[in-house]
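Build the complex from these two chains, which are given one at a time in their own frames, with help from the hints.
So the chains spell out like this:
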Amino acid sequence: MDLFHELKKFKKIDPDPAYVRRSREMILSSIPEDPVLSPWRILVHSVQFGSAVTLAVVLLMLVLGGFSAWRFLSPFKLSSLDPASLKAEAQAIDIQIQLTKINYEEAQKAAARKAEPAAVPAKAASAPAASDSQASTSQTSSIEDVLQQLAQ
Amino acid sequence: MLDGEKQVIIDAIGGEASAFGLLYDHYHPAIYRFVLIKVGRREEAEDLTHQVFLSAWQNIKKYKDLGYPFGSWLYQIARNQVIDHYRTAKRTQSLEDLDPDYAVSSSDDEADTENKLEMEKIKTALTKLKPLYQDIVIMRFIEELSIKETAAALGKSEGAIKLLQHRAIKQLRTVLEKKQWTFFTS
Numbered sequence: 010m011d012l013f014h015e016l017k018k019f020k021k022i023d024p025d026p027a028y029v030r031r032s033r034e035m036i037l038s039s040i041p042e043d044p045v046l047s048p049w050r051i052l053v054h055s056v057q058f059g060s061a062v063t064l065a066v067v068l069l070m071l072v073l074g075g076f077s078a079w080r081f082l083s084p085f086k087l088s089s090l091d092p093a094s095l096k097a098e099a100q101a102i103d104i105q106i107q108l109t110k111i112n113y114e115e116a117q118k119a120a121a122r123k124a125e126p127a128a129v130p131a132k133a134a135s136a137p138a139a140s141d142s143q144a145s146t147s148q149t150s151s152i153e154d155v156l157q158q159l160a161q
Numbered sequence: 116m117l118d119g120e121k122q123v124i125i126d127a128i129g130g131e132a133s134a135f136g137l138l139y140d141h142y143h144p145a146i147y148r149f150v151l152i153k154v155g156r157r158e159e160a161e162d163l164t165h166q167v168f169l170s171a172w173q174n175i176k177k178y179k180d181l182g183y184p185f186g187s188w189l190y191q192i193a194r195n196q197v198i199d200h201y202r203t204a205k206r207t208q209s210l211e212d213l214d215p216d217y218a219v220s221s222s223d224d225e226a227d228t229e230n231k232l233e234m235e236k237i238k239t240a241l242t243k244l245k246p247l248y249q250d251i252v253i254m255r256f257i258e259e260l261s262i263k264e265t266a267a268a269l270g271k272s273e274g275a276i277k278l279l280q281h282r283a284i285k286q287l288r289t290v291l292e293k294k295q296w297t298f299f300t301s
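Heads up: the protein sequence lines correspond to chains E and W, in order.
Residue numbering for the first sequence follows this note's numbering, beginning at 10 and increasing consecutively.
Residue numbering for the second sequence follows this note's numbering, beginning at 116 and increasing consecutively.
It is worth saying that the hints were derived from the structure and are not from the lab.
There's no promise every hint is true.
Output of the computed footprint for chain E on chain W, the stretches with three or more beta carbons under 8 Å from beta carbons of chain E [unchecked claim]: (1) 146–155; (2) 170–179; (3) 229–238; (4) 274–288.
Since the structure is predicted, the reported quantities are computational estimates derived from the model, not experimental observations.
Just so it is clear, CB atoms sit at the ideal spot from N, CA and C, and this is done for glycine as well.
Next comes chain W alone, as it looks inside the complex (with noise of 0.2 Å):
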């Protein structure tokens, strides 16, 4: 959360820019990524990320405080510009299909050959989710939302979260062996 950030959410409310510069530079990082490991593409990824911020930006003034970091609110309008862009290219993504650059050039530059294979193995592994285990594994075990936020952006109850996250995990670590298997037998 950021800092003052009450303060800061009332100026960007009352139209002001630098205001809401400063939540797009606290917020932005955590949306792209969540974008990105969903839709798996970079380019895709960075016009939803600046869709999720325009619209942001845009119905501002519609913002309702209800008690949870304004990231709830922004991952909420994440998820929708996720779903509509589905929902208009009706293409499903195979793997060829994915970026497989896009774990690479961002890790940093001492992270080894084999710490880019695993991520890209759980990457892979993440797209076989369904997309409420997705949310739930990124915004809980990635970003470490706490539980209350990830509810927040869900909508969602806190209790429904605690189940929901133990069986995104589960079915991860069965996707994950299943893939060991196939890549060890093939």
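Next comes chain E alone, as it looks inside the complex (with noise of 0.2 Å):
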């Protein structure tokens, strides 16, 4: 099958002719539309143009100027470019820091002061455990009097 000349028969193909003639005979009835344009549609592209012309300056400053005219113009600062904010908020993070570690510190100098006192009725309480402790501390003295001694 030679499918270019097969489709080439598709142009035998015709419109029904009654059908030809009332649509040609309606369309030429009709007046055509005058693109002229109303004073109600002139007022419509002329808005629209300002407005999209705002839109083009606005978006070209702030693609030029790097945000950095927002800070002049607006009346919205904006947080994350200003540098004496983000100077503040440094700070205040290093003293959070602090006052982190001057909690630690205290809770740990507590926990000292609450385990003294402790210390002596366990001491009483359990004589062996002491006695270890003792030798220990005893063996530890000893042992630094060897090493002094040798120093000597």
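Rendered as structure tokens:
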């Protein structure tokens, strides 16, 4: 089958003459639209054009200024673009670290204070344990003595 | 292209109905065929083609001569009409839906049954192609528009049309071969 030859046969398809006549009459009896703009259309077009230009200018300023223009022109401040606020934020972080450190040290001291009075009854209650610790202390001191002697 | 088309277009833009009538007479059959092959039903094709020419006449003053035949502009309107038609109709077209007589009644009386069957097969295969390929096959191989005219009507470069027409024909052949194979196996 010669496809191109077969395709050309479709060119023989013609519309119904009655339909063509009717359609032609209907179309040609209508009046083409006048593209001349009415005052309302002119107003709409000018508003559209004006808003488009304004948006384009704002966008251009933002792109060229790299957001720096925003700081001077906008009533709304962007905190992430303000160096003073950034510095304050950084300082606040340091303070928080220091405070955390202080809290930690105070907690340590408080824990130590609580532990001290409890150590005395514990010593009395458990003699062997205390003797062990004494032995270990004496052992430590004896080692120190030995080392001192060796040094001499 | 119509003889003295530029002057006829100028007259039509000036609001001369008889000038647009000449354009209508010249381009109507081609646009009708284009729409009919795409939608498959005679009534729908008639309505859509009427809408194409009505829209063209209503907007004739917006037409700008860019060096292409007037037909390219009409094909653009026709394509949009068909797209809108499918968008609003939102229905898929089955083979049973296609008008079985549209090719038969239009071909000349001497066309034999074999011819009609071949046309029917091709018509069905054409509906299986994607819309762009359908447009290219109709414009290039049925209406025999030049590559330049086709490119203008479809809004593509001439190089793209050359490439696309090759793909479209290849795909059409594939669809036809598959169809033949299923015919013999069934």
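Evaluated hints:
1. 146–155: Contact hint for the region 146–155 of chain W vs chain E: holds, 4 residues under 8 Å.
2. 170–179: holds (count 6)
3. 229–238: As far as the region 229–238 of chain W goes, the hint holds, because 5 residues have Cβ atoms under 8 Å from chain E.
4. 274–288: holds (count 3)
Of the numbered hints given earlier, the model fails none.
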